[in-house]
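Single-letter residue listing:
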Amino acid sequence: MGMGQGVIRGHLITLRRFLLTFWRDARTGGAFKRRGGGHQVLDFFRKPGRGNEPTVLQDSKTDGLFTVEYPDERLPVYERFRVLPVLVYDTEDGNVRCTSCNICAKVCPPQCIWMTQAKSPKGTVVPLPEDFYIDMDVCMNCGLCSEYCPFDAIKMDQNFELSNYERHQTHIYSLQDLLVSSEYYSKTHPDAWQSSEETVERGKVAKKKDQRLQKALGATKPAPAAAKPAAQPAKV
Amino acid sequence: MGPQHPSTHGVFRMNIRVDGETIVGLKPVMGYMHRNHEKIGERNTFLMNFPFTDRLDYLTSMGNNFGYALAVEQLMGDDAKPPERAEYIRVIMAELTRIASHMWSIGFLLNDLGAFFTPALYAIEERELILDLFEWAAGSRMMCNYFRFGGVAFDLPKGWIERCRGIVNDRLDKRIDELDRYLSENEILLDRSKGVGVLTPEQAINFSTAGPVLRASNVAYDIRRAAPYSIYDRFDFSVITGKNGDLYDRYYVRLLEMRESVRILKQAVRDIPDGPILPGKKSYQIKVPAGEAYARVENPKGELGYYVVADGSPTAYRYHVRSPSFINLTALEQMCMGHTIADVVGILGSLDIVLGEVDR
Ligand code: SF4
Ligand code: SF4
Numbered sequence: 001m002g003m004g005q006g007v008i009r010g011h012l013i014t015l016r017r018f019l020l021t022f023w024r025d026a027r028t029g030g031a032f033k034r035r036g037g038g039h040q041v042l043d044f045f046r047k048p049g050r051g052n053e054p055t056v057l058q059d060s061k062t063d064g065l066f067t068v069e070y071p072d073e074r075l076p077v078y079e080r081f082r083v084l085p086v087l088v089y090d091t092e093d094g095n096v097r098c099t100s101c102n103i104c105a106k107v108c109p110p111q112c113i114w115m116t117q118a119k120s121p122k123g124t125v126v127p128l129p130e131d132f133y134i135d136m137d138v139c140m141n142c143g144l145c146s147e148y149c150p151f152d153a154i155k156m157d158q159n160f161e162l163s164n165y166e167r168h169q170t171h172i173y174s175l176q177d178l179l180v181s182s183e184y185y186s187k188t189h190p191d192a193w194q195s196s197e198e199t200v201e202r203g204k205v206a207k208k209k210d211q212r213l214q215k216a217l218g219a220t221k222p223a224p225a226a227a228k229p230a231a232q233p234a235k236v
Numbered sequence: 001m002g003p004q005h006p007s008t009h010g011v012f013r014m015n016i017r018v019d020g021e022t023i024v025g026l027k028p029v030m031g032y033m034h035r036n037h038e039k040i041g042e043r044n045t046f047l048m049n050f051p052f053t054d055r056l057d058y059l060t061s062m063g064n065n066f067g068y069a070l071a072v073e074q075l076m077g078d079d080a081k082p083p084e085r086a087e088y089i090r091v092i093m094a095e096l097t098r099i100a101s102h103m104w105s106i107g108f109l110l111n112d113l114g115a116f117f118t119p120a121l122y123a124i125e126e127r128e129l130i131l132d133l134f135e136w137a138a139g140s141r142m143m144c145n146y147f148r149f150g151g152v153a154f155d156l157p158k159g160w161i162e163r164c165r166g167i168v169n170d171r172l173d174k175r176i177d178e179l180d181r182y183l184s185e186n187e188i189l190l191d192r193s194k195g196v197g198v199l200t201p202e203q204a205i206n207f208s209t210a211g212p213v214l215r216a217s218n219v220a221y222d223i224r225r226a227a228p229y230s231i232y233d234r235f236d237f238s239v240i241t242g243k244n245g246d247l248y249d250r251y252y253v254r255l256l257e258m259r260e261s262v263r264i265l266k267q268a269v270r271d272i273p274d275g276p277i278l279p280g281k282k283s284y285q286i287k288v289p290a291g292e293a294y295a296r297v298e299n300p301k302g303e304l305g306y307y308v309v310a311d312g313s314p315t316a317y318r319y320h321v322r323s324p325s326f327i328n329l330t331a332l333e334q335m336c337m338g339h340t341i342a343d344v345v346g347i348l349g350s351l352d353i354v355l356g357e358v359d360r
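Residue numbers (the working numbering), protein chains in the order written: chain A, 1 to 236; chain L, 1 to 360.
The following block holds chain A by itself, in its conformation from the complex:
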């Protein structure tokens, strides 16, 4: 090969990519538009509403350069995508699913979960968490807690926009911060929610929960933690 031809060929490839990008944008009607903006020229300066950002899926056919103009555009969020754990309570009756069995704390690699089990006024153990803490700065988002929870109580949330002004108190999540409704979970994880395994599991858990309630009613007063979370759920 003669002098410089390799460099020139390299430049031609770059040029081709550059043009391909514009060709793609022209093809999809996005050439003169701010990505994620409206259709008019003036819309160039308008941002899409929060939560209405278009999703960009890149697959084997994408050509040109890959640019996703977050936050005006987003990548798809896959169902299994995991960030931080949450605790699920059932929307219908407000019961926390967690029985405070401590398995998630045992299986958590950096040991960032700790909890206290609820006690009835008589002093007997009630299978509910009195309080439940996760240090989110330590959590490594591995998902093992949710994988091995036998009561389907702890799940991985997909919210990744977690910036914050303060990281000492706010990053230690307590029971109140962790609770989400089963409705919320069924929306973020539709496939898992409908899967046969989780449906069967839910049936089983409902039975267990019944027994648990009977037990709690058997005590003089209902356990404190059972009523508390339902009153003011953290996220719906």
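Treat the hints with care, as some may be off.
To be verified - DMTMM-like cross-link-like pairs, simulated, lysine to aspartate or glutamate; straight-line CA separation at most 20 Å:
no., chain 1, residue 1, chain 2, residue 2
1, A, Lys208, A, Glu198
2, L, Lys158, A, Glu197
3, L, Lys287, A, Glu147
4, L, Lys243, L, Glu202
5, L, Lys81, L, Asp155
6, L, Lys281, A, Glu201
7, A, Lys61, L, Asp177
8, L, Lys243, L, Asp180
9, A, Lys61, L, Asp132
10, L, Lys282, A, Glu201
11, A, Lys61, L, Glu202
12, L, Lys266, L, Glu84
13, A, Lys106, L, Glu42
14, A, Lys187, A, Glu130
15, A, Lys119, A, Glu130
16, A, Lys187, A, Asp177
17, A, Lys119, A, Asp131
18, A, Lys61, L, Asp274
19, L, Lys174, L, Asp79
20, L, Lys194, L, Asp180
21, L, Lys174, A, Asp63
22, L, Lys243, L, Glu185
23, L, Lys281, L, Glu125
24, A, Lys208, A, Asp93
25, L, Lys158, A, Asp59
26, L, Lys282, L, Asp79
27, A, Lys61, L, Glu42
28, A, Lys47, A, Glu201
29, L, Lys174, A, Asp59
30, L, Lys282, A, Glu197
31, A, Lys204, A, Asp93
32, L, Lys281, A, Glu198
33, L, Lys282, A, Glu147
34, L, Lys81, L, Asp274
35, A, Lys61, L, Glu135
36, L, Lys281, A, Asp131
37, A, Lys187, A, Glu197
38, A, Lys61, L, Asp170
39, L, Lys282, A, Glu198
40, A, Lys61, L, Glu128
Simulated from the structure, these hints should not be mistaken for lab results.
Given the coordinates of chain A, work out where chain L with the ligands should sit on it, guided by the hints.
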């Protein structure tokens, strides 16, 4: 000197003795990430250690999982024999990882050589598609935590294998070709890399280097062939070697290796059967009988080995990682001697180190 490579921030620098611009001595100085991976591995139960292995070489977490799973499975024997489908998924994930990692390493080698930043961006595009696949199946782009003893954590979601087929069959080859055309005959790259950082076959073996660094020095040693693990003996692929053991060969070996990975992937996505992905029920209580095991995989950067001693308790008695980045670095001085300061940067880039693996 340093930090130079993007991944050497704070944990690695080179103590260089120079005569003018010429290197006459070099000592790698390993800093600390203060993570203590091996000691933590002795505190963790066997299962809990999986997410920690992700963080060794954080560009190849699937491969790291693979090696660790093999080591413990070796101890557990028939209790943890992966079903057919799981084996295929494992190979697919490991080979996708290899492509993603080599893409990254080629891109950043060029970055180290001063081609800021186009080659890296091109290389990252394919990696992006692969990470999308990982995120879809495992839940995370880089810290996959996807393997379990005897299989994998979740089955592939619906539609996954189709998209993977699309990428593997129709796309990757073309993109590797493009990268090849774009870079391999570029005169500047040739000038900067031919005859630089040469490691003879004897030296490469004596420094016990592994992976592309070893194979670029014309030693056809690939663990997938030399000591086949999982189901690698079923696939048709060749072991790539270079001739001169210089910087260019290390680059080119990686490029050709990606083609071989695509070859394996094409066979794997064609043949993947249906079936279970774990031999038994999922359990967090894993019984590992006493004994010791060493298992190794051909990770993108070289031989990644796990040495595990179990005493029958829920945690490992001793846990040691033989990590390729760390061991390849020992050959750095040899490669740099007699070259100039500017070459050192490229030579370090050609080793493709990730510092998570250097300081454990
Ligand atoms: S979240 Fe699950 S594993 Fe953790 S204590 Fe509650 S029921 Fe047990
Ligand atoms: S995701 Fe992993 S690190 Fe985080 S709380 Fe759950 S088990 Fe612990």
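Results for each hint:
no.	hint	in the structure
1	Lys208(A) <-> Glu198(A)	holds, 15 Å
2	Lys158(L) <-> Glu197(A)	holds, 16 Å
3	Lys287(L) <-> Glu147(A)	holds, 18 Å
4	Lys243(L) <-> Glu202(L)	holds, 13 Å
5	Lys81(L) <-> Asp155(L)	holds, 16 Å
6	Lys281(L) <-> Glu201(A)	holds, 14 Å
7	Lys61(A) <-> Asp177(L)	holds, 16 Å
8	Lys243(L) <-> Asp180(L)	holds, 18 Å
9	Lys61(A) <-> Asp132(L)	holds, 14 Å
10	Lys282(L) <-> Glu201(A)	holds, 14 Å
11	Lys61(A) <-> Glu202(L)	violated, 45 Å
12	Lys266(L) <-> Glu84(L)	holds, 17 Å
13	Lys106(A) <-> Glu42(L)	holds, 15 Å
14	Lys187(A) <-> Glu130(A)	violated, 27 Å
15	Lys119(A) <-> Glu130(A)	holds, 8 Å
16	Lys187(A) <-> Asp177(A)	holds, 19 Å
17	Lys119(A) <-> Asp131(A)	holds, 11 Å
18	Lys61(A) <-> Asp274(L)	violated, 27 Å
19	Lys174(L) <-> Asp79(L)	violated, 42 Å
20	Lys194(L) <-> Asp180(L)	holds, 16 Å
21	Lys174(L) <-> Asp63(A)	holds, 12 Å
22	Lys243(L) <-> Glu185(L)	holds, 17 Å
23	Lys281(L) <-> Glu125(L)	violated, 38 Å
24	Lys208(A) <-> Asp93(A)	holds, 14 Å
25	Lys158(L) <-> Asp59(A)	holds, 15 Å
26	Lys282(L) <-> Asp79(L)	holds, 12 Å
27	Lys61(A) <-> Glu42(L)	violated, 46 Å
28	Lys47(A) <-> Glu201(A)	violated, 43 Å
29	Lys174(L) <-> Asp59(A)	holds, 14 Å
30	Lys282(L) <-> Glu197(A)	holds, 13 Å
31	Lys204(A) <-> Asp93(A)	holds, 16 Å
32	Lys281(L) <-> Glu198(A)	holds, 15 Å
33	Lys282(L) <-> Glu147(A)	holds, 9 Å
34	Lys81(L) <-> Asp274(L)	holds, 16 Å
35	Lys61(A) <-> Glu135(L)	holds, 19 Å
36	Lys281(L) <-> Asp131(A)	violated, 30 Å
37	Lys187(A) <-> Glu197(A)	holds, 17 Å
38	Lys61(A) <-> Asp170(L)	holds, 9 Å
39	Lys282(L) <-> Glu198(A)	holds, 14 Å
40	Lys61(A) <-> Glu128(L)	holds, 13 Å
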